[in-house]
Structures are given as C-alpha cells and as structure tokens.
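From first to last, the protein sequence lines are chains A and B. First residue of the first sequence? That's 290 in the working numbering, and the numbers climb one at a time after it. First residue of the second sequence? That's 19 in the working numbering, and the numbers climb one at a time after it.
The reader is advised that the hints may include incorrect statements.
What the hints assert, rightly or not - Keeping only pairs whose Cα atoms sit at most 25 Å apart, straight-line, the calculated SDA-like set for lysine to any residue is:
id, chain 1, residue 1, chain 2, residue 2
1, A, 323, B, 92
2, B, 95, A, 967
3, B, 97, A, 599
4, A, 540, A, 1031
5, B, 95, A, 1031
6, A, 476, B, 97
7, A, 423, B, 60
8, B, 97, A, 315
9, A, 889, A, 1012
10, B, 97, A, 889
11, B, 95, A, 319
12, B, 38, A, 889
13, B, 97, A, 350
14, B, 95, A, 315
15, B, 97, A, 349
16, B, 38, A, 1060
17, A, 599, A, 438
18, B, 95, A, 317
19, B, 97, A, 355
20, B, 97, A, 438
Stated by the list, open to error - A short list of chain A residues far from chain B (calculated; beta carbon distances all over 12 Å):
id, residue
21, 302
22, 318
23, 325
24, 338
25, 374
26, 501
27, 547
28, 746
29, 1152
Calculated directly from the structure, the hints in this document are not laboratory data. Just so you know, even glycine gets a beta-carbon here, dropped at the ideal spot from N, CA and C.
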Amino acid sequence: MDNVRICRLRALAARLRGLFQSQKRDNDFDEEVKVHLQLLVDRFVAQGMSQEEAADAARRQFGNTTLLQEDRRELRTCVSVEALARDVRYALRSLARSRAFAAVAIGTLGLGIGASTAIFSVIENVLLEPFPYKDASRMVFLRIHDTARGEEGDRQGYTANEFLEFAHQSHVFDGVIAASGDLVLYKQGEGVEAFDGADVTPGTFEFFGMPALHGRVLQPADYQPGAPPVFVIRHKTWMERFNGDPRVLNKTFVLNGTARTLIGIMPPRFGWYGADVWIPETPVPGAATGVAGLTRRWFLLGRLKPGVSKAQAAADAMVIANQLAKVNPQDYPAHFQVSAKVLGDSVIGRFESTLYTILAAVGLLLLIGCGNVANLMLARATSREKEFALRAALGAGRARLVRLLLVESLVLAIGGAALGVLIAWGGLKLIVAAMPQDFIPSESVIELNAPVLAFTLAVAVFTALSFGLAPALRAARRDLNDPLRSSGKGVIGGFGTGRMRDTVVVAEVAGSLTLLIAAGLLMRSFAALREVQLGLQADHVLQSLLLLPEDRYKTPAQSRGFFQPLLARVKELPGVEDATASSALPPYGGEDSKIDISGKSHEYEWHALVQQVSEGYFHVLRIPFKVGRSFAEEEVNDARKVAIVNETFVSSFLRGEDTMGRRIKLAALATPADPASEPWFEIVGVVADVTNSGLQAPVQPEIWIPYTITGSGAQVLMVRSERTPTSLMNEVRQAVWATDAGVALALPGALEDRISQRLYAGPRFSFLLMAIFGCLGLILVTIGVYSVLAYATSRKTHEIGIRIALGAERADVLRLVVTAGFRLVTAGVGIGLIVSLLLGRAIEAELARGVKPYDPATLAATALLLMVTAALACWVPARRAARVDPMVALRYE
Amino acid sequence: MTHAKKSEVLQGTLDLMILKTLHALGPQHGFGIARRIEQVSRDVLQLNEGTVYTSLLRLMQQGWITAEWGVSDNNRKAKFYSITARRSSLP
C-alpha cells in the first residue's frame, strides 16, 4: 500500500519536473529512437532486406513516433497542463468565431449563476453565518412554553432574580449574560432624540469576544459601584447620527438624565440585542420595576459548554425553572416546558423557509438556463460533426474530444460566472432594499464574500458539466464515417440528436411552469393579504410613538398630565378631525392578560389582549360599535374602570349572554408597581372585530380600557385629519414639544404606510423575487423553444422544399412545425402541472390564508401564459419554414 | 476506439515484462528489451516497439528503474535501463 503511494508521489514529482525540462527530454528521446531504428534496420539488412525495405520495416515495427512523443508528453506533465492550456486557447478561438452563440450562452448562464449567487449570499449571510461571534452556534436562550397554549404564550424575558438563579445554578453553561431593552432619550438640537438602548450585564463583551473598533468595550471596572457612567455605541448608529466622526469618542452625553461618557465604538457587525447603545447594568434581585412601573424583564443568553446539547440545557433549566415556579407561581403557567433555542432562532425562524423556497426557485432557473445552453451546444455539436470526425480520424482519442468540449463548456461557464458575479452584485442591492429588515439578525451584513464566490465557482463547474457533458459524450461517440461521407447539412444527419433536444425542451417547459405557478400563487397570496379586512380605516391617519422621559412619567396622573393637554392641542389643529392616545399600533392589540369574568367559571385559563386608549380611539380608526358606546371623556380622565370588548371576546367567553354591565378582571393589572387595587372592569360597549395579532393570524379576544388606569397606558398618538398625514407632521411635532419639550417622537408617519411597509414586506419580498425569476424563466424557455424549432427547421429546409415541390400547402408546412413545437410544450406543461401539485406542500407555508397551492385560476392562467408565449416561439420558425421557396431549398445543398 | 482499450491492458503487462527482463538480464537498452520480449513471447506478441519507451518512462517516473547513457555492443551510444537497487527484490 505504502509502495503504491510512494510510486504515485515519485511520478507526480517527475511530472512536475517535466514541466520545465521538456525540450531536453524530447531531444534525448529522439536520439534513443534513432538508435533503436538504426539497430532494427541493421538487423533487417542482416536478414537480407535491401536498405530501403529495411528502413520501412523498421519504422513499421517501431510504430508511430509522433503519437509516442505525445504519450510521453502526457505522461511527463501534470494532468497535461500544456494540453489544457491549448484546449482553452482553442475554445476561446472557436467561441470568438461564433460570437452570437457565445453571447447567448454566457448571458443565459450569467443570469442563472448571478441569481443563484445573489440568493446564496443572502442565505450565507443570514442563515449560515449570521453572527460574527465565536461559538455563535453554542449560544442559546431559554423559552418557557405554556403547554396549554400556542407559541404566543411563550416567555423569554426573565426577572433579575430569575436571571441570577439561571446564571448561578446552571451546570450546562460556561457563561450567561442578559440584556434588557432601555429607551434612551438625549437632548439633540431643539428637541429630543431617542436611542434604542440595551442594559447589559457584567461579562457581556467578554462573552462575545469582539474588541471595539475605536476606544474600548465595557470592562468589569465599569460595573463597580461608583464607577464613572459610560456607554458603548453601535457602528451603524455612530455613522447615522454622528457621521462616523471619531471625535465623539470620550465625549459626554446626557442619557436619560445621567451624564455618560462614550468609551467605545463597536465594529459594524456587532449588534447584540439590536441596540444602538449598550449601558452597563448589574441586575439586582428585588429591583422589580423597569419602564413605567412594569416588571423589568431580561433576555438571557448562555454559551453551552462544549459537547452539551440543547436538550440537555433545556432539561437542566427545567429543574431550575421548577424551583422558581414554586416561589413565584404567578409568573409560571400551570404546565410548562423549557426549551433552549440557538441565538439564530430568535430572529430568522420564519424567514428561513422563504429563503430556501427562493433558493430552490433560483436553482430551477439555473437548470433551465443550463438546459438552454445544452441545447445550443447540442445543435452546435451537430453542425460540428465533420470537424470532430476529422479530428478523430487524425488521431484524437475519445477522451481528448470530450475534454476539448468540456473545456469549451467550462470557458463558457466561467464567462457566465464572471457576468453572474456582476449581476449578483447589482441584484444584491435590490434584494437588500426589498428585504424585510426585521427578519434578519442585526449582525448580518449581506455581501459577496469568499464563501459566496467559492459557491459561484462551484456552480460554474457544475453548470459546465451539466450542460456540457451530454453534448460532449455525444460528439465523441459518433461514428467517423457518416459525417465525413454526407456532404454537409444532410437530410438524415440532423434528426439523430432530435430526441435529446426535445427532452431538454420538455424539461425546461416543465421547470418554467413550476416557477411561474409559484410566482402566481405568491402574487395571489399577496393580493389576498392586501384585501384582508383590517376592520379599521388606516387612511388619513398620522401615527407616532411618543417617548416620555421615564423619570418624570411614572404615575397615571403624570401620564394624563401630558396627554390630556396634548390631545386638546392636536384636535385644534386645522383639518384635524380627532386624535387619540393608545398603548398599541394596529394591527396589533396590546398586552396579553389572564382574565376572569364575573359569574363565569372556567377550567382553563382565559386570555385576552388588553389595549389602553383614550375616548377618541374608535372614532379615529372608524371602528363600528355593535352594542353600547365608547368611553366618555370624563370616564377616561377620571380613570373609571370601564371596558369595551370585541365580538370575538363575546363569542369566546359570553356567547349568547348579556354582555353589557358584565365585569372582567384583568390579572395583568394586578402586578405593576402601582396596581389597580381592584382590577374589575365593567363592559360598556362591544365593537366589531379588528385585526389585532398581525395580518395573518386570527383575531384574538380583546379588551380596551382607559389609558389613565396605569402609568404606561399611552405610548402612541394617532390623529385623523382631512389632510394627508405627512403634511400634518410638523404641526403635531410642535404641539408635542409645546406640551413637553423633553418628549421624543419616534417613527412618525402615515398609519397606512406603516402597515404596508412593515407587514407586507415579507410576502412582497418573496412575491417580487419569485415574479422576477418566473419572468426570467419564461424568457429563457421562449428562447429555448424558439432555438430548438428554428434549428430543426433550418436543418429540414431541404425536406420542406421537397414537400412543397410535391404539392404540400404552406398551411400544411406551418401546421407541421407548430405541431412539432406544441407537442413538446404540451408535454412540458403537463409535467410541470404535476410537479407543481406535488411541490404544493412546500410552498403552502408561504401562502396567505385562503390561497391553496392548487388554486385553479392560478394554474390555468400560468399554463395559458406559457402556452401563448411558446406558441409565439413556434410561430416564427414555422412562418420561415412556410416561406421556403422549393427551388432555393433544393439547390441549397 | 477498441484499439485504445487493448493497448491499455497491454501496458501493465508490458511494464511487468520489462521489469522481468531487466531483472533477468541486467541493464539493457530499449532495443535489447524489445528483442528479449520478442524472444520470450515467441513472436506471438506483435508490438510496436516504440511503446516499450512509454513503459520505460512510466517505470522510471515511479522509481522502479533508472537510466544512463552508455555504449552498446556494437559501439553505439545508447541509453541503458536498470532496476534500482532497492527495487530489485522482485518476485
């Protein structure tokens, strides 16, 4: 075994040496051959031949010296680099001669390779390597799942106490950190700006192990009591807010009333918790309150010890959680499970299937492209039969011919890849612009990087093999005599390769139909989403989040002290119809709460969404009342315990019963720092259902109460006016600052725009890409069908001429060609339909409710579209065939 | 095409025959090897003698044999091939 290996190594070394000494070796060999031949001649002469006869016999016995020399060269050089270089030169020359073919092939491949490269780089950066942190795959977070409810009942935020318990008692982590969202206000110019801040626990930056780009990261000393207050800023925020000015480093900013020094600017890909700034904070058990009196929650992240699985981590955490549940039963559901999820799962779960669907689509597109090029190559190979036969006759071996053709394919594929990288580079900009931002981790930067380029290269080689191998083998297998004998564009020769080309076309049509159907379904789905009845009118409504400084706005009275005059001011602005405060923005409906209803007992927990609003809410959003009335202004201002519920609430809990005057207990309001002492609310009205859990999810039971009940009740301002919402923005901003100059406005804009941007972005992204790929596929198939028919017709010119001369009508000829083309298209459409139905399940998850993967309208429309396009592709060559002049055709040869 | 296949089978055999020849007779030049093979196979094996050189090159590359220029019996300059010392313990 070892010997064999040594032999191979020696041979390789010899070959490498051979690259450099070929001239001398060739001379040596010539000398040897000469001696050998001379000895043979001597021998034959001694046997009685004449000098000439002997020389001939010697040459015969020795064999072909040129071939020998070739063999030896091949032996001497590595995989015959020389020959390869020769082949590449030859391929380039031959492609340069047929520019149109090369352009179509490279263009087709460029599209396919470019599209797949672009999508792969999204997948690489978003799904495969989204996090720049070491051991990101071992970073997990814990989620508590209420086994009696769906995913919406899950919890992944923990109190400081819980965090400390998990951090200290767990055996599976070699590091646990946590972060808690912290709205950071700071004065900037005439108003106030807001940062998305994160309070981070000691060890956070050591945990991620990324150094700062400028300055330094947080260190243990920064967490010591009495240490100077500091913070670290994100690269993106630094670029956007401070134009990347390095002088802001070591400057002091007043954040939420505390003067903090900016000590570090992180590298672009650091984005822990999606925050703008990171502030050191040591969680202290018992310090319960965070924003506006609500219990502060920490999102915790642990790094698994090497070799520990997620299941082990979950089991370990379950033990701790069970202990915690005994101490704080109100924080835990009756039956629950703890699961451990990888960091990536926190962001990309839903986007993943979308991306893989699109990758599959792109792969299909690439295959269609390959099919096209394969057909072109086959056609080209057919017309090059003579050339290959000649080469074979002159001594080119089969392997040699195959290699020649493969090198040609490879040259095309590399050209396609180069074009593809350009297309991908441009396409990525479009994709990033169209991509729903919330769906990807803030750490991932979508770019063409080394793994992506390696992927492109691999794809190029794959395509070269997939479209080049069949024509190459075919060309090499040909019998030498036939092509040489026939005098050119023969009558017989052309039909030999027909079946293979036909198969490729059928496959292409099927693939393209699959793509088109997917695009069609996503389009239907997108349209269906747009038609979803929100239950409210979002037009002509201006919305903005209002960020109130926490230190001055804690109690319900303080909150009311701001909103009451603000609403009054805004309502007086010209053109304004009504304005309202709210705790949530449509189509979401506030916080989840356990509830009880007076006089009703129930086995399972009852849950409903609780939204806090002012009296104008239903008027601003045009939500109709079914029974009862809206809140009166005094009820809101006096913080009366009144409630309005939606129809789903009634049908879920009070079906067929009297609702008015019933009392509901809201458990969520019992826990905040300023608990509503008796959280029982009397129902005064029932409104029609309004989408309240996002566009796709069914409506949940919902309760509205006055925003004055808690200190955190109002966070959103919504204004209905006759004017376009954006024209109102400045006046509203002035009204806000006139009420309190310390309040910041976040995300001001038209409610309508927000809903379409944030909620349709995902479906629009899939639909848009799929539609583009569908169209590209259609174009490629049209080219494919056209080129095959055009080629076949031009080869049959002679035959058609004879037919016409023998009395065939032009219509007959037309029908002949169109039928031939249409047979292929129909077969392809049939297969495509079957494939689509089989693949329907894969795409079903991407579709809106109510759109089925076998939607007949979509199937019929796309199949028809394909047939019509294919008919056009058949028509052009058919017309050309019908116009054939028999005399010209017969003289053609 | 069939010709190529046949010659491939032959190559391995030829390599072995050359090695045996060199083992039996000591250093030989290409002509000598060709004669010996002709003799051993009793003229059954009709080969293009040139292919012997391809085999020789391959064997040399794998380190089985070495070559050096010398003078033949009838005073001609010729390349002599011999089995390398370490390799001569052939079966």
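Each hint tested on the structure:
{"no.": "1", "hint": "323/A x 92/B", "in the structure": "15 Å, holds"}
{"no.": "2", "hint": "95/B x 967/A", "in the structure": "118 Å, violated"}
{"no.": "3", "hint": "97/B x 599/A", "in the structure": "71 Å, violated"}
{"no.": "4", "hint": "540/A x 1031/A", "in the structure": "21 Å, holds"}
{"no.": "5", "hint": "95/B x 1031/A", "in the structure": "104 Å, violated"}
{"no.": "6", "hint": "476/A x 97/B", "in the structure": "93 Å, violated"}
{"no.": "7", "hint": "423/A x 60/B", "in the structure": "73 Å, violated"}
{"no.": "8", "hint": "97/B x 315/A", "in the structure": "14 Å, holds"}
{"no.": "9", "hint": "889/A x 1012/A", "in the structure": "47 Å, violated"}
{"no.": "10", "hint": "97/B x 889/A", "in the structure": "110 Å, violated"}
{"no.": "11", "hint": "95/B x 319/A", "in the structure": "13 Å, holds"}
{"no.": "12", "hint": "38/B x 889/A", "in the structure": "103 Å, violated"}
{"no.": "13", "hint": "97/B x 350/A", "in the structure": "20 Å, holds"}
{"no.": "14", "hint": "95/B x 315/A", "in the structure": "17 Å, holds"}
{"no.": "15", "hint": "97/B x 349/A", "in the structure": "22 Å, holds"}
{"no.": "16", "hint": "38/B x 1060/A", "in the structure": "71 Å, violated"}
{"no.": "17", "hint": "599/A x 438/A", "in the structure": "22 Å, holds"}
{"no.": "18", "hint": "95/B x 317/A", "in the structure": "11 Å, holds"}
{"no.": "19", "hint": "97/B x 355/A", "in the structure": "20 Å, holds"}
{"no.": "20", "hint": "97/B x 438/A", "in the structure": "89 Å, violated"}
{"no.": "21", "hint": "302", "in the structure": "8 Å, violated"}
{"no.": "22", "hint": "318", "in the structure": "7 Å, violated"}
{"no.": "23", "hint": "325", "in the structure": "5 Å, violated"}
{"no.": "24", "hint": "338", "in the structure": "17 Å, holds"}
{"no.": "25", "hint": "374", "in the structure": "22 Å, holds"}
{"no.": "26", "hint": "501", "in the structure": "57 Å, holds"}
{"no.": "27", "hint": "547", "in the structure": "78 Å, holds"}
{"no.": "28", "hint": "746", "in the structure": "32 Å, holds"}
{"no.": "29", "hint": "1152", "in the structure": "46 Å, holds"}
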